[in-house]
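Mind docking these for me? Both chains are given alone in their own frames, and the hints should help you get the complex.
Chain residues, written in single-letter form:
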Amino acid sequence: MFDRYLIGENGFRNVVEDGKTTGFQLEVRIAYYRGLGLSMLEGFEVAADEKQFPREDNLFTVRGRTFTQKQMETEYDERWEMGEVAHITVPLPGGLAAGKHEISVVEYLRVSYVPFITTGKDKKTLTLES
Amino acid sequence: MSTIKRGVSLYSYQEEFYLRKLSLEQCVAVSASMGAYGIETLAEQMMPGYPKLSDAFYAQWHEWMRIYGATPTCHDAFLDTKKYNDRLLTLDEQVLEVTRDIKHAQKLGAKIIRMLVICSPELMERCAPIAADHGIWLGVEVHSPWHIEHEWIQKHLEVAYKMGTDKLGIIPDLGIYVWRFPRVIYERYIRNGAHENLVRMIVERYDSRGDLKTLPEEVEKLSGNSEDIGLARMVGHFVGSDPLKLRDVIGAVKHIHGKFYEMTEDCHEYSIPYHVIVQTLAEAGYDGYISSEYEGNRHLQDAFPVDSVEQVRRHQRMLSTLIGEQQ
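If you read the sequences in order, they're chains A and B.
Going by my numbering, the first sequence opens with residue 1, and the numbers climb by one from there.
Going by my numbering, the second sequence opens with residue 1, and the numbers climb by one from there.
These are calculated hints, taken from the structure and not from any lab test.
Hints may be right or wrong, so weigh each one.
Said to hold, decoys possible - Selected chain B positions facing chain A (in silico; Cβ < 8 Å):
| id | residue |
| --- | --- |
| 1 | TYR18 |
| 2 | ASP80 |
| 3 | ASN85 |
| 4 | SER226 |
| 5 | LEU300 |
| 6 | GLN301 |
Said to hold, decoys possible - Here are the simulated DSS-like pairs of lysine-lysine, each with C-alpha atoms no more than 25 Å apart in a straight line:
| id | chain 1 | residue 1 | chain 2 | residue 2 |
| --- | --- | --- | --- | --- |
| 7 | B | LYS21 | A | LYS124 |
| 8 | A | LYS121 | B | LYS21 |
| 9 | A | LYS70 | B | LYS83 |
| 10 | B | LYS107 | A | LYS121 |
| 11 | B | LYS111 | A | LYS123 |
| 12 | B | LYS21 | A | LYS70 |
| 13 | B | LYS107 | B | LYS52 |
| 14 | A | LYS20 | A | LYS121 |
| 15 | A | LYS121 | B | LYS103 |
| 16 | B | LYS5 | B | LYS52 |
Keep in mind that this is a model prediction, so the values were computed, not measured.
The beta-carbon is built from N, C-alpha and C at its ideal position, and this holds for glycine as well.
Pulled out of the complex, with its shape left as it was, chain B reads as follows (with noise of 0.2 Å):
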């Protein structure tokens, strides 16, 4: 068995909080009732009122951990650069922002925080100190169509180990793995109207590797329709990196986003090689979190009730297999 630790981010359930069908308890409770006990929280999403919550709240928040067993892993901060519309936010005004993120995650106990893949290597190396002073450690979120090799993010890994992969590092989202193109994003093209045959073409682009900076071009000379082009555009943002790259950079990882997009009744998923990419960390002796991260639900939700909860049981038993837990 591996050290791998399993958890959920809360943002898998954001149909049903978003629906008022699950409380924040609820996705707490639901959570720690699979065995993931790592919590990862989106304040913006399910914290009303934030950043001006309540100590209250908090002593509500830490009464859940008690009552579930669970433990806070990461914040997934935001930053709001565009707050103003006639200018974007300056780097002191920044470093406030997520500061406040910092105090915040301090409060609910959580050691990670989440920083978006948009913030400049020169914010992460502001904000080290200040978050190693509230013992939190701040991890960029790598995520598609950025990758572990892409330069932005080879130039947060040498502010990483600049300043120590004790105070930063990344915070790889699997959904850099996508090998196969996800069945329930393209299947809503369908329903929207794209043309099957086009659709084919387009995924088995995608699928094998090929060119897809000239795929909306050719569709469009296919005479494909608004959808069959929004389709070609959307499978360049997707990437189908190598899960193998992670040995050499598993010291600045501290937390996983497990992004996905459907898990199967035979608890697979259909997109992303979980088998390679468990058994790389745990090779790799990674002993962080990996946090479920379902993000089906967008896809579904105009033609089918989204089951979230029934998903992140799936992908929680596809992970506790894969790390080797006793049955």
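This is chain A alone, in the form it adopts within the complex (with noise of 0.2 Å):
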């Protein structure tokens, strides 16, 4: 559900640091129907034209305030709301190549009344903005 709409088709960028290049960043939204506390996300996968990141390594922002996934583990206050646009980071030194990635994201979710993790997916192919 709403996994269509995860991956935002904006603000898919390298990030520059010190006039280095570390990274890169994507806009992802929620694959859920409401919002959930950061303690209940179990991170993403993110994977650029095949080359897979794992979940530890990614950063999530929201309203301005960047977790790693383990400190989202015991963030029991903010929320990741419904339709919300939060970035996630990907550690690269170097960060991508300028032009089209086929890129997809998995995105764990613990709901409390379903027995299993679900997942979020989706793929799209984005153009990196300089």
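Set out below in structure tokens:
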């Protein structure tokens, strides 16, 4: 549900810090019909052109606050609201090359009334914004 | 004309809200414009920041109710029993969570809270006096694959009768009366690659009330692919129970989720026998709301534009006719 809206069409870009490209970033939305507290997000697996990036390394940013997956585990106040745009930052020295990339994301959610971890999945071809 | 009242669960507009095509205020306004003045809300869906909502938010909410002539009916509570990744919430913690929901419902002006079917009868019993102190009635949602005669729901009913049905009861979700398997669901499976002949077999099995337990294995043996097997499993989560049995429990029913999957152009629900249900409720003297709850968007959004407003409009037209309102 809402999987097709998971990856945002905009905001796909390399991240530059102190003049160095350290990774890339993309927009994501929750694949669920309500918001969740961050402690119930079990992370995001990102792949760019088949190259997989592990969930543990990604950063999640919502309303200007950034969390590692480990920090989210014990974040009991902040929420990710339904339809709200958040950002995933994937560390990758040098970033991605200019142009189009096939991006896929698997989002893991711990929904209390579901007996398993639910996943949202989306794949889109995005063009890196300069 | 019966005394049944019409309302909308704003859950119905989740697609438009998600995509920021409708705001909370617009969801209220469009419902009231259909004569569906009872507004049911999901704070965790459309009230960002919940449970920390400001006084200004509640003041704005009441202003909207006044402007659009609407009435808050029900707050749909969730219960994050898996908030912590290493343990479930204790019963005491669950009571605290529900107390938070009770206070929110009271501030909204809603008199009813929808409790998830996973809530235990023990939790309901603990929360009943707290809710009553705040003028709130708690109803466990009877949602497929559960149904009213199910042992778990019967346990909930026992607690409701013990504590008083002025405090506790059930909220039937009309998705427990799926007599015909929803077309919008199996058509999506076909778009995803399910075989039409196997889909036909699965749907016919469901519609004829055949045995669904062994269906996934049977489909697998017929060289079904993952979509075929997925549908064979999915039909097992649907329920086509008997609406006449509502009469036996009507005293414990103060609110109803008017679940629907597809309203046709001539304002019929494809899969749920609303004519039988509404007549049964009317004869039993039910005077609460039927709250339209559209759940077709997720089955269409891959291929078609979703128009939840039009779907709710048709559902409301159907309810208005069945209730016998003057047209």
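Structure-based check of each hint:
1. Interface hint at TYR18(B): satisfied, since its Cβ lies 4 Å from the closest Cβ of chain A, which is below the 8 Å cut-off.
2. Because the smallest distance between the Cβ of ASP80(B) and any Cβ of chain A comes to about 5 Å, under 8 Å, the interface hint for this residue holds.
3. Hint status for ASN85(B): holds, given a least beta-carbon distance of 6 Å to chain A, under 8 Å.
4. Interface hint at SER226(B): violated, since its Cβ lies 14 Å from the closest Cβ of chain A, which is beyond the 8 Å cut-off.
5. The closest approach between the C-beta of LEU300(B) and any C-beta of chain A is roughly 11 Å, which is over the 8 Å cut-off, so the hint fails.
6. Proximity of GLN301(B) to chain A holds as hinted, the smallest CB-CB distance being about 6 Å (cut-off 8 Å).
7. Under the criterion of a C-alpha separation no larger than 25 Å, the hint pairing LYS21(B) with LYS124(A) is consistent with the structure, at around 22 Å.
8. Our distance criterion of 25 Å between C-alpha atoms is met by LYS121(A) and LYS21(B), whose separation comes to about 23 Å.
9. Restraint check for LYS70(A) and LYS83(B): satisfied, since their Cα atoms lie roughly 15 Å apart, inside the 25 Å limit.
10. Annotation: proposed proximity of LYS107(B) to LYS121(A) is violated, straight-line Cα distance about 37 Å (limit 25 Å).
11. Note on LYS111(B) and LYS123(A): the hinted pairing is violated, with a Cα-Cα distance of about 43 Å set against a maximum of 25 Å.
12. Using a Cα cut-off of 25 Å, the hinted pair LYS21(B) and LYS70(A) is violated, with the two alpha carbons roughly 34 Å apart.
13. Of the supplied pair hints, the one linking LYS107(B) and LYS52(B) holds, its CA atoms being roughly 12 Å apart against a limit of 25 Å.
14. A hinted pair counts as satisfied when its Cα atoms are at most 25 Å apart, and LYS20(A) with LYS121(A) does not qualify at roughly 31 Å.
15. Distance hint between LYS121(A) and LYS103(B) is unfulfilled; the C-alpha atoms sit about 36 Å from each other, more than 25 Å.
16. Distance restraint check for LYS5(B) and LYS52(B): the Cα-Cα separation of roughly 31 Å exceeds the 25 Å cut-off, and the hinted pair is therefore not satisfied.
Violated hints for the displayed structure, listed by number in ascending order: 4, 5, 10, 11, 12, 14, 15, 16.
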